[in-house]
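Visitor: Read off the chains here:
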Amino acid sequence: EVQLVQSGAEVKKPGESLTISCKASGYTLTSRWIAWVRQMPGRGLEWMGIIYPTDSDTIYSPSFRGQVTFSVDKSINTAFLHWSSLKASDTAIYYCARPDIYDYWGQGTLVTVSS
Amino acid sequence: QSVLTQPPSVSGTPGQTVIISCSGGSPNIGSNVVNWFQQLPGRAPKLLIFDNIQRPSGVPDRFSGSKSGTSASLAISGLQSEDESDYYCGSWDDSLKNYVFGSGTTVTV
Chain S
5 EVQLVQSGAE
15 VKKPGESLTI
25 SCKASGYTLT
35 SRWIAWVRQM
45 PGRGLEWMGI
55 IYPTDSDTIY
65 SPSFRGQVTF
75 SVDKSINTAF
85 LHWSSLKASD
95 TAIYYCARPD
105 IYDYWGQGTL
115 VTVSS
Chain P
10 QSVLTQPPSV
20 SGTPGQTVII
30 SCSGGSPNIG
40 SNVVNWFQQL
50 PGRAPKLLIF
60 DNIQRPSGVP
70 DRFSGSKSGT
80 SASLAISGLQ
90 SEDESDYYCG
100 SWDDSLKNYV
110 FGSGTTVTV
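Chains S and P are the protein sequences, given in the same order.
For the first sequence, my numbering gives the first residue as 5, with consecutive numbering after it.
For the second sequence, my numbering gives the first residue as 10, with consecutive numbering after it.
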């Protein structure tokens, strides 16, 4: 059974760094792209971009380019989303999902950034 | 402002059919397939329709998708209380080189 299991909720202060994870099981991570999607409180879904685990090829949405970094560790079938300096406006739920049809989604990671 | 436009809300009574529209343009819906997602309160999105009209296994046939030109629609027939949810369309955009989601529609039963 395919599953994407994300790391737990985080509470951080502005300016801090953060990495959240998305572990794939039931299939080989390197066989498919992985997408990241943001959902701010009470808002809709926003596509952040995708990473191809085989060679770490990435496509960032212009809205998120330079703001976040995608990476993978093929040895543990896990994708990561990283911020080097969080802002309050990064408060949201972040989902990983499997393109092209987005048939599998992680359960979401709530990131709260507050001083 | 979403590239794909959906009505903010749609309502119906049990047993009725409701239709959610998703309006886009040539670079997205006009050139690529549309997926539909259901997001129940407090839950992750779930794929409802892929490739414009296909249903993943386990999705009731009360849900159906269609596409014409630069617009797509999701129909929910035999509306049930458990269908109360947010619904999003999505498609690749060749100009933006981004996947784009619709603005989302809340269905109230």
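Just so you know, not all the hints are guaranteed correct.
As the list claims (entries may be wrong) - Selected chain S positions facing chain P (in silico; Cβ < 10 Å):
| no. | residue |
| --- | --- |
| 1 | Ile-54 |
| 2 | Tyr-56 |
| 3 | Thr-58 |
| 4 | Ser-65 |
| 5 | Gly-70 |
| 6 | Ala-92 |
| 7 | Ile-97 |
| 8 | Tyr-99 |
| 9 | Ile-105 |
| 10 | Asp-107 |
| 11 | Val-115 |
Rather than coming from a laboratory, the hints here were simulated on the basis of the structure.
Small disclaimer: the values here were computed from a predicted structure and weren't measured.
Heads up, the beta-carbon is just placed ideally off N, CA and C, and yes, glycines get one too.
Visitor: Look at each hint and say if it fits the structure.
Guide: These are the hints, each one checked on the structure:
1. Ile-54: 8 Å, holds
2. Tyr-56: 14 Å, violated
3. Thr-58: Not OK, violated: S/Thr-58 not within 10 Å of chain P, min 20 Å.
4. Ser-65: 5 Å, holds
5. Gly-70: 15 Å, violated
6. Ala-92: 22 Å, violated
7. Ile-97: Check passed: Cβ of S/Ile-97 comes within 9 Å of chain P, closer than 10 Å.
8. Tyr-99: Result: holds, 6 Å to nearest chain P Cβ.
9. Ile-105: 4 Å, holds
10. Asp-107: Since chain P brings a Cβ to about 5 Å from S/Asp-107, closer than 10 Å, the hint holds.
11. Val-115: 15 Å, violated
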